[in-house]
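With chain A fixed as given, assemble chain B onto it according to the hints.
Chains A and B, in that order, give the protein sequences.
Numbering-wise (the working numbering), the first sequence opens with residue 743 and increments by one.
Numbering-wise (the working numbering), the second sequence opens with residue 410 and increments by one.
Just so you know, not all the hints are guaranteed correct.
[To be verified] Keeping only pairs whose Cα atoms sit at most 25 Å apart, straight-line, the calculated BS3-like set for lysine-lysine is: (1) A/Lys813 / A/Lys799; (2) A/Lys743 / A/Lys813; (3) A/Lys743 / B/Lys506; (4) B/Lys506 / B/Lys466; (5) A/Lys743 / B/Lys466.
[To be verified] Some chain A residues well away from chain B (every beta-carbon gap over 12 Å; in silico): (6) Leu756; (7) Glu757; (8) Gly758; (9) Lys759; (10) Asn766; (11) Thr768; (12) Ser770; (13) Ser800; (14) Thr807; (15) Gln814; (16) His818; (17) Ala821; (18) Val854.
[As the list claims (entries may be wrong)] Stretches of chain B that chain A covers, calculated by requiring three or more beta carbons in the stretch to come under 8 Å of a beta carbon on chain A: (19) 448 to 454; (20) 457 to 469; (21) 511 to 520.
None of these hints come from the bench; they were simulated from the model.
Note that beta-carbon positions come from the ideal geometry of N, C-alpha and C, so glycine has one too.
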Amino acid sequence: KNQVEQSPQSLIILEGKNCTLQCNYTVSPFSNLRWYKQDTGRGPVSLTIMTFSENTKSNGRYTATLDADTKQSSLHITASQLSDSASYICVVSAMQTGANNLFFGTGTRLTVIP
Amino acid sequence: KAGVTQTPRYLIKTRGQQVTLSCSPISGHRSVSWYQQTPGQGLQFLFEYFSETQRNKGNFPGRFSGRQFSNSRSEMNVSTLELGDSALYLCASSLDKYMNTEAFFGQGTRLTVV
Numbered sequence: 743k744n745q746v747e748q749s750p751q752s753l754i755i756l757e758g759k760n761c762t763l764q765c766n767y768t769v770s771p772f773s774n775l776r777w778y779k780q781d782t783g784r785g786p787v788s789l790t791i792m793t794f795s796e797n798t799k800s801n802g803r804y805t806a807t808l809d810a811d812t813k814q815s816s817l818h819i820t821a822s823q824l825s826d827s828a829s830y831i832c833v834v835s836a837m838q839t840g841a842n843n844l845f846f847g848t849g850t851r852l853t854v855i856p
Numbered sequence: 410k411a412g413v414t415q416t417p418r419y420l421i422k423t424r425g426q427q428v429t430l431s432c433s434p435i436s437g438h439r440s441v442s443w444y445q446q447t448p449g450q451g452l453q454f455l456f457e458y459f460s461e462t463q464r465n466k467g468n469f470p471g472r473f474s475g476r477q478f479s480n481s482r483s484e485m486n487v488s489t490l491e492l493g494d495s496a497l498y499l500c501a502s503s504l505d506k507y508m509n510t511e512a513f514f515g516q517g518t519r520l521t522v523v
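Bound-form chain A, shown alone (with noise of 0.2 Å):
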């Protein structure tokens, strides 16, 4: 079965500090992973996309890795900012044609305090 799971559920940390989110799956055949940032009331915004051949990607203080034999990912966040505050979603697309490909987790809630 092609599941999607994130942990923590939630997270608070203070402004400043880092912290890793985590997302293992089982969606088979593979295509790609994505890292979103849901503000709350708003539309996911996507933060990176990686491919079976890429471990790791950067966007800004946002860096996602992936370790596609373990079936692992995840979004480190460096000097947290209120902002950062958000769900964070980690969305595995399947290899396939006939079904819905995309699987989703049900994410992290971040809440950054100063």
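This is chain B only, laid out in the frame that chain A set:
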């Protein structure tokens, strides 16, 4: 380049009514998908369209329907609204038919059923 536009942003309806939500994809994108998001739940797949054809449908009752027009704009309709239909409805557009390239989300329509 304009993003994905969803209208209206907010809606309040009473039980038993019906509602139509609209999604205009990024220019050139022919693939549009719809999702329902409720508090504590991940994005639940509703349906997906490509070139006016419904490619896939999620596990939702027949009260949920949609369509796509020749200009790629899409609408979804919910009939006989129930309290449990209160949610953020998101649409996403993508260049490719199978959503394997990056998907861009709209800001969503917040539907409240009273």
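To see whether the hints hold, each was checked on the structure:
1. A/Lys813 / A/Lys799: Status holds; Cα separation ~16 Å.
2. A/Lys743 / A/Lys813: holds (14 Å)
3. A/Lys743 / B/Lys506: Cα-Cα ~23 Å, so holds.
4. B/Lys506 / B/Lys466: Given pair lysine 506 of chain B, lysine 466 of chain B holds - Cα atoms ~15 Å apart, limit 25 Å.
5. A/Lys743 / B/Lys466: holds (18 Å)
6. Leu756: For leucine 756 of chain A, whose nearest Cβ neighbour in chain B is about 25 Å away, the distance exceeds 12 Å, so it holds.
7. Glu757: Nearest chain B Cβ is 26 Å from glutamate 757 of chain A, so the label holds.
8. Gly758: Nearest chain B Cβ is 29 Å from glycine 758 of chain A, so the label holds.
9. Lys759: holds (26 Å)
10. Asn766: holds (14 Å)
11. Thr768: holds (15 Å)
12. Ser770: Check passes; 14 Å lies beyond 12 Å.
13. Ser800: holds (16 Å)
14. Thr807: holds (19 Å)
15. Gln814: Nearest chain B Cβ is 18 Å from glutamine 814 of chain A, so the label holds.
16. His818: The claim holds: histidine 818 of chain A sits with its nearest Cβ about 21 Å from chain B, beyond 12 Å.
17. Ala821: holds (26 Å)
18. Val854: holds (20 Å)
19. 448 to 454: holds (count 5)
20. 457 to 469: It holds: at least three residues are needed, and the segment 457 to 469 of chain B offers 3 whose Cβ sits within less than 8 Å of chain A.
21. 511 to 520: holds (count 8)
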